[in-house]
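Using the sequences provided together with the hints, build the complete structure.
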Amino acid sequence: MRHFLVMTAFAVLAAVVFGTVAKDSNRERIVYGLKVFAEFMVIGLVLAWILYFIPY
Amino acid sequence: MSKSESERRNSEKAPARAWLMGTAGWLVPGLGHLLQGRWVRALLLGGAVWVCFISGLLMGGYLFKYSGSEQGLSSLLQIPPMVGNLGTGLPYIVCWLLGFGFSHEPQQAALPTFEYGWTFLLIAGLLNYLSMLDAFDIAAGRKS
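Order-wise, the sequence lines are chains A and B.
Just so we're aligned: the first sequence equals residues 1 to 56 in my numbering.
Just so we're aligned: the second sequence equals residues 1 to 144 in my numbering.
It is possible that some hints are incorrect.
Stated by the list, open to error - Quick list of simulated restraints, FRET-style, between CB atoms:
1) B:G99 <-> A:N26: 40 to 46 Å
2) A:M7 <-> B:G99: 46 to 52 Å
3) B:Q78 <-> A:L5: 27 to 33 Å
4) A:L47 <-> B:L77: 21 to 27 Å
5) B:Q108 <-> A:E28: 22 to 28 Å
6) B:E70 <-> A:A38: 36 to 42 Å
I should point out that these hints are in silico values taken from the structure, not numbers from a laboratory.
Predicted, not measured: the structure shown is a model, and the values here were computed from it.
We put the beta carbon where it would ideally sit given N, CA and C, even for glycine.
Written out as structure tokens, the structure is:
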């Protein structure tokens with residue numbers, strides 16, 4: 001659970017910065033920030049599953 | 001803004017104010033935007049960097065520095081993460097002056113959050129580089 005929370009915190013912080021510096025309108029920034037957050041979370045979970053099955 | 005106008009603006013020499021804002025943004029996360037009256041951006045960008053940096057320290061992470069004491073290439077390997085850490089500006093410099101956050105004792109390395117800690121510290125620096133460039137671009141008139 002701790003690992004998941006830390007990953008979520010990381011995704012939130014990175015998404016806030018990425019969303020703020022990118023795009024032109026506030027709406028686009030929010031959408032982009034949410035997209036970055038979702039990408040971090042999904043890719044993190046997928047990688048965790050892949051690594052789970054690797055025995056080394 | 002048309003593409004040619006955007007290209008022209010980008011090729012123009014940045015004013016001294018832009019360099020000042022960029023430096024301020026690097027030195028104190030969020031300050032570059034704050035000085036330009038961009039409160040929300042300062043709060044979001046500076047806040048994210050500060051939270052990331054403090055969380056990293058609280059998680060038992062450590063900062064990198066080039067000491068030159070290791071043999072051969074090992075000491076050179078310290079340089080890229082040190083450049084990343086240096087992105088946080090004053091917080092890194094203060095830690096360096098106080099000698100705080102650079103040690104990694106065995107009991108610290110045994111913490112379950114140890115690896116996350118130094119990753120957060122590294123990411124704080126990299127995110128602040130982005131924030132610094134944003135402050136620079138705003139001051140240079142390349143961004144609204």
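- Query: When the hints from earlier in the document are held up against this structure, which numbers fail?
  - Reply: 2 and 5
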